[in-house]
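Enquirer: Below are the chains, spelled out letter by letter.
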Amino acid sequence: MNCLEFRRRTLIDPNDPHPARLAHKETCERCARFSEQMLYQDELIREAADINAPEGFAARILLNQSLQSQSRRPTRWYWLSLAASFLLAVVLIPPLLQQEPAFEERLAVHMEHHNVLESEHDVFAASPEGIAEVLAGADTALPPEIGNIRYAATCIVDGETMAHLMVEHDDGDYVVFLVPERQLPSYAFETDDWTGEVTPILARSMVVMGMARQTDPTRVRSLTEHLSHQFQQRLSPSGTI
Amino acid sequence: MSQLSQLSQHKQKKYENLVQAYSSWLYRYAYWLTGDKPVSEDLVQETFLRAWRFLDSLKEESSAKSWLTTILRRENARRFERKQLEYSDVEMDTLPATQTDFDARPEVIALRVALRKLPAKYREPLILQVLEGYTLDDIASIMSLPRNTVATRLHRARQKLKQQLEKDDRVANELP
Numbered sequence: 038m039n040c041l042e043f044r045r046r047t048l049i050d051p052n053d054p055h056p057a058r059l060a061h062k063e064t065c066e067r068c069a070r071f072s073e074q075m076l077y078q079d080e081l082i083r084e085a086a087d088i089n090a091p092e093g094f095a096a097r098i099l100l101n102q103s104l105q106s107q108s109r110r111p112t113r114w115y116w117l118s119l120a121a122s123f124l125l126a127v128v129l130i131p132p133l134l135q136q137e138p139a140f141e142e143r144l145a146v147h148m149e150h151h152n153v154l155e156s157e158h159d160v161f162a163a164s165p166e167g168i169a170e171v172l173a174g175a176d177t178a179l180p181p182e183i184g185n186i187r188y189a190a191t192c193i194v195d196g197e198t199m200a201h202l203m204v205e206h207d208d209g210d211y212v213v214f215l216v217p218e219r220q221l222p223s224y225a226f227e228t229d230d231w232t233g234e235v236t237p238i239l240a241r242s243m244v245v246m247g248m249a250r251q252t253d254p255t256r257v258r259s260l261t262e263h264l265s266h267q268f269q270q271r272l273s274p275s276g277t278i
Numbered sequence: 487m488s489q490l491s492q493l494s495q496h497k498q499k500k501y502e503n504l505v506q507a508y509s510s511w512l513y514r515y516a517y518w519l520t521g522d523k524p525v526s527e528d529l530v531q532e533t534f535l536r537a538w539r540f541l542d543s544l545k546e547e548s549s550a551k552s553w554l555t556t557i558l559r560r561e562n563a564r565r566f567e568r569k570q571l572e573y574s575d576v577e578m579d580t581l582p583a584t585q586t587d588f589d590a591r592p593e594v595i596a597l598r599v600a601l602r603k604l605p606a607k608y609r610e611p612l613i614l615q616v617l618e619g620y621t622l623d624d625i626a627s628i629m630s631l632p633r634n635t636v637a638t639r640l641h642r643a644r645q646k647l648k649q650q651l652e653k654d655d656r657v658a659n660e661l662p
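Protein chains in written order, with our numbering: chain U, 38 to 278; chain D, 487 to 662.
Certain hints may be false.
Straight-line distance between alpha carbons at most 27 Å, and here's what the computed DSS-like set of lysine-lysine pairs gives [claimed, not checked]:
{"id": "1", "chain 1": "D", "residue 1": "K497", "chain 2": "U", "residue 2": "K62"}
{"id": "2", "chain 1": "U", "residue 1": "K62", "chain 2": "D", "residue 2": "K523"}
{"id": "3", "chain 1": "D", "residue 1": "K545", "chain 2": "D", "residue 2": "K603"}
{"id": "4", "chain 1": "D", "residue 1": "K551", "chain 2": "D", "residue 2": "K499"}
{"id": "5", "chain 1": "D", "residue 1": "K551", "chain 2": "D", "residue 2": "K523"}
{"id": "6", "chain 1": "D", "residue 1": "K653", "chain 2": "D", "residue 2": "K607"}
From the derived model, a few chain U residues whose C-beta atoms are all more than 10 Å from chain D [as the list claims (entries may be wrong)]:
{"id": "7", "residue": "R45"}
{"id": "8", "residue": "L48"}
{"id": "9", "residue": "G184"}
{"id": "10", "residue": "G209"}
{"id": "11", "residue": "V257"}
{"id": "12", "residue": "H263"}
What the hints contain is simulated information worked out from the structure, not anything from laboratory work.
For clarity, every value in this text was computed on a predicted model and none was experimentally measured.
Virtual Cβ for every residue (Gly too), placed ideally from N, Cα, C.
Please construct the entire structure, taking both the sequences and the accompanying hints into account.
Expert: Structure follows, in structure tokens:
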């Protein structure tokens, strides 16, 4: 087997057990490296393509089949099945609701992987166009006095789209999330790693956070009030720009 | 217990086993076919409803997964017919990301993006082979394609992914 044929077979299946292919791999360093690349790529595919089914999905399928299987005239079995379905919902749903983590906990988990305050990069260089695009995605625009936005990205936290900013002030950097799709109540929070405030802004919400043990909660509160006022100036009363 | 009742219980048990064993895989497969989570849920629901109706035609449990996968493909094709759309490649890169892309290593994120950009006719056999270990013959049977066509598509799929990843600086340095 020559190198061309080896690569052709490897691209079709990196685990191809053809004896001639395996023998060639033993003798050709370049092809062996190519084979390793393809095996690694397949590993990445497995990881990247691993999408989880929703919670309780199998139970819903069974429930759906159970309801569909009943005859049109309700029988004793129909009512028993309905009662069983109700019981299933009562048993399944409360634990799911109880287990849902608080909003700030979900942000904290997101920040474990996307903490730009601790990034290795020194300069984020958020361009004006990039910032405008991210803010437009959160259904808002750049207010006049927000501070220096050093980083802007559109993030998805547990299926919810939000703008993720890093804003530089004289006393340090703060993380700001703009949540365009719902209005949360106003409250302060402390997690292991973060001190923050959640505040509603018309039809949406904003979160301002600083790293715990380095940030004064009263400063977060005053910054939140300032930013809330700034963003409200950029929104119409109906909540649109 | 009457014989009819016993048969009914047996069928129900068989069905439940299929749902528990394969609903996650079918959901994953449906997602990479459609790029849409709600549509994927609906597709899988429809697949299992159909499977329930024709469960008696499944003679060997060992072929259940391929059988269900084929049903799902057909349900997806019917979805396009109902919408009177051409059954063409779904351009996944125009769909919003549904995973939190920052919750993964950069090379995994890059590959997920590249996978979304891959035309469906290349992506589908790759998913079947890499995620579930289907052979070329299995894939040819599921997709109703000649074996050589499947081989060609797998070849092109990996080649395109490799080219895409090599363009991405985040990944190029991580490749062995």
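Enquirer: Could you work out which earlier hints the structure fails to respect and list their numbers in ascending sequence?
Expert: 1, 2, 3, 7, 8
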